[in-house]
Amino acid sequence: MNQASLSTDIRRDLVALLPRLRRFALTLTGNAPEADALVREVADRAIQKSHHWKGEDRLENWLFSMMRSRADEARKRKRVDPDAADSGNAPGNHNSSNALLSMPEGFASALLLADVEGFTYAEGAAILSIPTDQFVARLCAARLKLSSVGTATSERRA
Amino acid sequence: MGTFKPSPLELQLSAYIDGQANERDRQDVEELLVNDPQARALHDALKHGAETGRRAFEDMLKEPVPLDLVRAIRNAALPRKAIRLPHAPHPTLSFKPSGPQIAATCLVLFLLGGGIGYLVGARPVASETELISATAANGRDWLDDIIAHYRLYARQTDHLAEIPAERPADILEWLTTNTGVGFRIPDLSDSGLTFQGARLFAAGDVPVGQLLYRRTDGDGDGDVVAISFTKTRLEGNRSIEEIRNDTGLVSWVTPLATYMVVGPSSAADLDDIAAKAAGLI
Chain R
1 MNQASLSTDI
11 RRDLVALLPR
21 LRRFALTLTG
31 NAPEADALVR
41 EVADRAIQKS
51 HHWKGEDRLE
61 NWLFSMMRSR
71 ADEARKRKRV
81 DPDAADSGNA
91 PGNHNSSNAL
101 LSMPEGFASA
111 LLLADVEGFT
121 YAEGAAILSI
131 PTDQFVARLC
141 AARLKLSSVG
151 TATSERRA
Chain H
1 MGTFKPSPLE
11 LQLSAYIDGQ
21 ANERDRQDVE
31 ELLVNDPQAR
41 ALHDALKHGA
51 ETGRRAFEDM
61 LKEPVPLDLV
71 RAIRNAALPR
81 KAIRLPHAPH
91 PTLSFKPSGP
101 QIAATCLVLF
111 LLGGGIGYLV
121 GARPVASETE
131 LISATAANGR
141 DWLDDIIAHY
151 RLYARQTDHL
161 AEIPAERPAD
171 ILEWLTTNTG
181 VGFRIPDLSD
191 SGLTFQGARL
201 FAAGDVPVGQ
211 LLYRRTDGDG
221 DGDVVAISFT
231 KTRLEGNRSI
241 EEIRNDTGLV
251 SWVTPLATYM
261 VVGPSSAADL
271 DDIAAKAAGL
281 I
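Just so you know, the sequences run in chain order R and H.
Just so we're aligned, residue 1 is where the first sequence starts under the numbering used here, counting upward by one.
Just so we're aligned, residue 1 is where the second sequence starts under the numbering used here, counting upward by one.
There's no promise every hint is true.
[Said to hold, decoys possible] Simulated pairs of lysine to aspartate or glutamate, EDC-like, Cα-Cα distance not exceeding 16 Å:
(1) R:K78 / H:D223
(2) R:K76 / H:D221
(3) R:K54 / H:D217
(4) R:K54 / H:D221
(5) R:K78 / H:D221
(6) R:K76 / R:E34
(7) H:K5 / R:E34
(8) R:K49 / H:E241
(9) R:K76 / H:D217
(10) R:K49 / H:D272
(11) R:K49 / H:E242
(12) R:K76 / H:D145
[Said to hold, decoys possible] So the derived list for chain H, only partly shown, Cβ under 7 Å to chain R, looks like this:
(13) S14
(14) G49
(15) G53
(16) L61
(17) P66
(18) A76
(19) E242
(20) A268
(21) D272
The set of hints was computed from the structure by calculation and includes no laboratory data.
Quick reminder that beta carbons are idealized off the backbone N, C-alpha and C, glycines included.
Work out the full structure, taking the sequences as your base and the hints as a guide.
If you want it as structure tokens, here you go:
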């Protein structure tokens, strides 16, 4: 496969993966504008660096790892520059999403990777760059948090 | 940052739901689920939480993707031209033999062929040791060993380097003596990398020197990036850039040694680092 066709392929793959990339980005940023900016940045990077991708693992592993890395960097910038922290922090417009995205940092990502994307504990931990024990704890905590949110909602409705 | 820490029972039940509990834990949990109503309630709560999360995430996929995002990806600029890393020089030979030269070459080849035939006939089977050495010395084994060492040490916090960065003279003497490769310690602070120290190990049966850097600025803070070098040559003397086992690697070859930059697969600037290191090492 030559360079041009490889680039075309990864663009096509990126577009196909776009909804899932946005969803993972949302768990990292907590809001749609920042998630879209993150997806755009990572997609651009993946296209530029597509020669690194040899098709041996799932493309998502590489993209999710890159996305997490960029999100960590952005989070660090925000801590240094408080003005940046105020920008684009609009909450999501879905209640179920809000419950997910308002969980403590890293909980929603662990839940998404394990319960929805089907990554193993070790793969999920590698993507989030944390020890496996910490990944397992975040996953469990996320389930417990969501369980109580679900129960509270049901009780209110009753 | 979340400080909520699940109890051991909660963790055990969560792993059980995922089928990740070991045999002993699984039996314990199943017994608890039969006899302990509180454990049963906790188990149901965890399953309910997982299901709630799954549904919420499925709902997120129903939201329309911004069209400008799709267009931006479809119309993204093609990758820039790959950075050219140094290669071993390819000698250019002009081949215009005269008649007497051809005759002399034929005679030499005849004698050489006869000599090789005699040697093969006298010792037809290669020794087992030679076969093992040939297998171990191929490029793939060497690269896999490099990756394995990187993955082992990159996770060390206290024992990353064998000789710390504060002893550069020791590092230069130790690695040059053992690898036979002269080198300098590149300053990669422009790439957000801080030198941590060095190691010596064997890969593909030959000594390999490794300079270890930690990212202290920019993407992936804390990530370890290593520059390895050895006298071993990669097959075909070519540079490679690829991802193996969640680890990215970029190599280049000079007439004297083979060098390789190794880092996490999420580090998209390994080729830039390799290009800088190639000019500094």
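Here is how each hint holds up against the structure:
| no. | hint | in the structure |
| --- | --- | --- |
| 1 | R:K78 / H:D223 | 20 Å, violated |
| 2 | R:K76 / H:D221 | 10 Å, holds |
| 3 | R:K54 / H:D217 | 28 Å, violated |
| 4 | R:K54 / H:D221 | 25 Å, violated |
| 5 | R:K78 / H:D221 | 15 Å, holds |
| 6 | R:K76 / R:E34 | 14 Å, holds |
| 7 | H:K5 / R:E34 | 28 Å, violated |
| 8 | R:K49 / H:E241 | 10 Å, holds |
| 9 | R:K76 / H:D217 | 10 Å, holds |
| 10 | R:K49 / H:D272 | 11 Å, holds |
| 11 | R:K49 / H:E242 | 10 Å, holds |
| 12 | R:K76 / H:D145 | 34 Å, violated |
| 13 | S14 | 4 Å, holds |
| 14 | G49 | 3 Å, holds |
| 15 | G53 | 5 Å, holds |
| 16 | L61 | 5 Å, holds |
| 17 | P66 | 6 Å, holds |
| 18 | A76 | 5 Å, holds |
| 19 | E242 | 5 Å, holds |
| 20 | A268 | 5 Å, holds |
| 21 | D272 | 10 Å, violated |
Of the numbered hints listed earlier, those contradicted by the structure are 1, 3, 4, 7, 12 and 21.
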